[in-house]
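As you go down the protein sequences, you meet chains A and B in turn. Under my numbering, the first residue of the first sequence carries the number 1, and numbering increases by one thereafter. Under my numbering, the first residue of the second sequence carries the number 1001, and numbering increases by one thereafter.
Please keep in mind that the hints were generated in silico from the structure rather than gathered at the bench. The C-beta atom is built at its ideal place from N, Cα and C for all residues, glycine as well. Errors might be hidden in some of the hints.
[Claimed, not checked] Straight-line distance between alpha carbons at most 20 Å, and here's what the computed SDA-like set of lysine to any residue pairs gives: (1) A/K275 with A/D239; (2) A/K275 with A/L364; (3) A/K194 with A/E279; (4) B/K1133 with A/A171; (5) B/K1133 with A/R13; (6) B/K1133 with B/R1148; (7) B/K1133 with A/L364; (8) A/K194 with A/D239; (9) A/K194 with A/L9; (10) A/K194 with A/R216; (11) B/K1133 with A/A235; (12) A/K194 with A/L3; (13) B/K1133 with A/N135; (14) A/K194 with A/D164; (15) A/K275 with A/S49; (16) B/K1133 with A/R5; (17) B/K1133 with A/L3; (18) A/K194 with A/L4.
[To be verified] Cβ-Cβ distance ranges computed for the label pairs, FRET-style: (19) B/L1086 with A/V309: 28 to 36 Å; (20) A/R17 with B/V1024: 20 to 28 Å; (21) A/L9 with B/S1026: 28 to 36 Å; (22) A/R16 with B/R1138: 23 to 31 Å; (23) B/S1188 with A/I8: 39 to 47 Å; (24) A/Y393 with B/Q1085: 50 to 58 Å; (25) B/V1024 with A/L9: 38 to 46 Å; (26) B/T1087 with A/V309: 24 to 32 Å.
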Amino acid sequence: MKLLRLSILAALRALRRHVLRSALTMLGISIGVAAVITMVGIGQGAGQSLRDQIRGLGRNLLVIAPGAATSSGVRSGSGSVRTLTTADADAIARETSAVVDVTYVRRGVVQVVNGSRNWSTFLQGTTPRFEQVMNSPVSEGVFFTERDARVGARVVILGRTVVDQLFGVGADPIGAVVRIHEVPFRVVGVLRAKGQTVWGQDRDDLMLVPFSTAERRVLGNPFPGRVDQVLVSAASASDVVLASEQIDALLRERHRISPEGDADFTVRTLEALIKTARETTSVMTAVLISISSISLLVGGIGIMNILLVSVTERTREIGIRMAVGAKRRHILMQFLVEAIVLSVIGGLAGVSIGLAATRTISYLAGWPMLTPFLAVGGAVLFSAAVGVFFGFYPARRAAALDPISALRFE
Amino acid sequence: MNASDPPERDPRPALIEVEDLWKVYSLEDVEVQALRGVSTRIAASEFAAIMGASGSGKSTFMNLVGCLDSPTRGSVRLRGRDVSQLTSDERAEIRNREIGFVFQNYNLIPRMTAQENVELPLSYADVGLREQKERASRALEAIGLADRRGHQPAQLSGGQQQRVAIARSLVNHPSLILADEPTGNLDSRTGAEIMETFQRLHEDEGVAIVLVTHEEGVARFAGRVIQFRDGSIVGDLPQGQGAAAPETRENSV
C-alpha cells in the first residue's frame, strides 16, 4: 500500500514536471475514450429510439389480419377474403386469458373536405379501445365514446397532418365540421402527434371514426361486420406468444379449421421487427466502437512513446534511486503507475467529453438521453489497461537499467 | 612495500573484508582487468581514503564494496556476510540499509526538495511516513541545512547540495559511507567544509567512511590512505595528521 501511494505521488510529481507534455499525452487517450463513449451512446440512443417507435405502434401488440384464400389452388394475397369479423374480435376479448384489450379497424382512403381545402387520407373505422391498444391518445379534445359507436355518431378524430392540411398548421379544429364523402362529421379530437417512422411513413396522416359510422356512412358494408384487422394487446410482453397461440386456437375453432390446416388469418407480433432493429443497431454500434477503438490504441502508443522518452531522460534519477536502495520492482511500479495515472486521468477527461458529446447529439437528433454506464466504466477500466499494457515495456526497461551506468548517464 | 597485504591485524571488528577480488570486463575482444586480486580489510568506524590515478581500479573497487556490482572472482564480506554473489534485489536492500553514497556530482533528484531527497532512502525502507519526515528533518538539522529543506537542488549552492547528499547518505543509519570524490566539484574552501562535516559525522555517529580522492589535502582527513594502481593496492598507510576520531588516532599510533 505504501509502495502504491509513494508511486502515485511520484507519478503525479513527474507529470507535473512536464505539464504540457503530460496533457498532450492524455489528450490522445481522452479523444479515444470520448470517441468510444460517444459512439456507444449514439448506437444506444439510435437503437432505443427505433425500439420506442416500434413499441409506440402499440402495447404488446398483435395484429390479426384475414389470411390468404386458396381457391382452386391459386392463393391470393393476405386480406383477400373477408373472413375476420367483429364477432371474432369480441370472442377474442371474451375467451383468451392472455389478452387485455381488443379493437378492430376497417380502413379506406377517402377525400376529406373543409370548406375550400381538401385532403386525401386514411380513414379508420374503429372502437374507443383503439386509444389503448394502439397507444394513440388524443392531445386535444376527447376520444369518441362507446355511445358514439353504438349510435353511429358522425364524429371524427383527426391526425395532426390532416389538421395541418385542412385547417392550417397549429390550428384548433375541435368543434369544426368536415365533410367525408359529402357526409358532415364533427371534429371531436386530435391525435397526439407520433411523427414519422424510421422508414419514413407519416404516422399522423389518418382519421378515426366509430366503426359503425364508417361501415354505414363511408366505406359501405357488402359483408356487415367484416374487419381489415383485429388489434390485440397482450397482458404483458411475455404474454405475447401465449396470446398468439390462444388467438390462433380460438379462431381455428370458430372458422372450423383443423390445427394442421392452412389458417385463413395471420397473427403477427412486433417482436420480429424489434429483433431486427436490435440486431441492426448492435452491428452499427460494433462498427462504430471498433473504429473509435483505434484512436484509443493510438493514444496508448502515445503514452508508451512519452514514457520511453521519460525513462531515457530520467536514467540518472533511476540510478540514484537504485543506489539508495530501490529494487527493480520499485522502479517498475513507479513507471507503471505513471502510465496508469496518465491514462486514467486522460480516460476520465475523455468520459466527460464523451458524455457531453453524447448528450449534444441525442438532443439534436431528438433521441432519448442515455448514459452508457457500461461504456463509461468500461472506458475507464480500458484506459487503465492501456496504461498497464503500454507502460509495461518502458517501465521494464527502466527497471532493467544497470545502476552504475545509470548513475554515469549524462 | 608489500602491496596487497592487509595492514597488520586490527583488533576492531571488521566491517569490510575483501579477498582476492577480481573484476574483468570484456570489451568486444579485449579483456580489461579492472581489479586484479585485491585483498584488504576495513574496520568498523574507520575513515579510509582511497587514492589512485583514473583507471587504477578505485571506482570499480568502490562499486563492488557498495554492492552496485558483482565481482568476477573473489569475495566481499560486509559485516561478515558475503555480498559478492547476491541478487540485484538483495544488493538493493544492503545498499539501502548498510551503505550511504556520496557522489562527486551530488546526484540529488532535481525538482524534489532537499527534504524529499533526504527522505528517498527511507521511502524504500520499512519506515512509516511520519518517521520518514522526522528522520529526514533531523538529518538536515545535523548538517545545518534545516532552513533549506523546502529548496530544490537548483536553488542550493554546490556545497549545500553536497551536504544534502551527505544527509541523505546518513538518514537510514548505515554502517558505511562511500564517498566518490565528494569535493571534486567544489572550491577548496567549500571542500574543506565538506571534509570537516565528514569528520564530525565520523566522530559523532561512529560511521565508517571510505572516500575516493586524488587530492592529498582531502586524504589527510582520513586515518588511513590506500593507494591503487593498475587494479592493485600498491600502498596502505595509516596516517595521523588531522584524523580526529579517537579510534583513528589510536590506530595511527
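So, going through the hints one by one against the coordinates:
1. A/K275 with A/D239: Answer holds: A/K275 to A/D239 is near 17 Å, not above 20 Å.
2. A/K275 with A/L364: Violated, at about 26 Å.
3. A/K194 with A/E279: 24 Å, violated
4. B/K1133 with A/A171: This hinted pair is violated, its Cα atoms lying about 79 Å apart.
5. B/K1133 with A/R13: Cα-Cα ~18 Å, so holds.
6. B/K1133 with B/R1148: 14 Å, holds
7. B/K1133 with A/L364: Judged against 20 Å, a Cα distance of about 56 Å means the pair is violated.
8. A/K194 with A/D239: 26 Å, violated
9. A/K194 with A/L9: The given pair, whose Cα atoms are some 56 Å apart, is violated under the 20 Å limit.
10. A/K194 with A/R216: 29 Å, violated
11. B/K1133 with A/A235: Violated - the C-alpha atoms of A/A235 and B/K1133 are around 71 Å apart, more than 20 Å.
12. A/K194 with A/L3: 60 Å, violated
13. B/K1133 with A/N135: 71 Å, violated
14. A/K194 with A/D164: 14 Å, holds
15. A/K275 with A/S49: Since the Cα atoms of A/K275 and A/S49 sit roughly 14 Å apart, the hinted pair holds (cutoff 20 Å).
16. B/K1133 with A/R5: This hinted pair holds, its Cα atoms lying about 15 Å apart.
17. B/K1133 with A/L3: 16 Å, holds
18. A/K194 with A/L4: 57 Å, violated
19. B/L1086 with A/V309: 28 to 36 Å: 33 Å, holds
20. A/R17 with B/V1024: 20 to 28 Å: 40 Å, violated
21. A/L9 with B/S1026: 28 to 36 Å: Because 41 Å falls outside the window, the suggested range is violated.
22. A/R16 with B/R1138: 23 to 31 Å: Roughly 28 Å apart at Cβ, these two residues keep to the hinted range, so it holds.
23. B/S1188 with A/I8: 39 to 47 Å: 44 Å, holds
24. A/Y393 with B/Q1085: 50 to 58 Å: 30 Å, violated
25. B/V1024 with A/L9: 38 to 46 Å: Holds - the Cβ-Cβ distance for B/V1024 and A/L9, about 42 Å, lies within 38 to 46 Å.
26. B/T1087 with A/V309: 24 to 32 Å: 30 Å, holds
Hint compliance for this structure: hints 2, 3, 4, 7, 8, 9, 10, 11, 12, 13, 18, 20, 21 and 24 are not met, and every other hint is.
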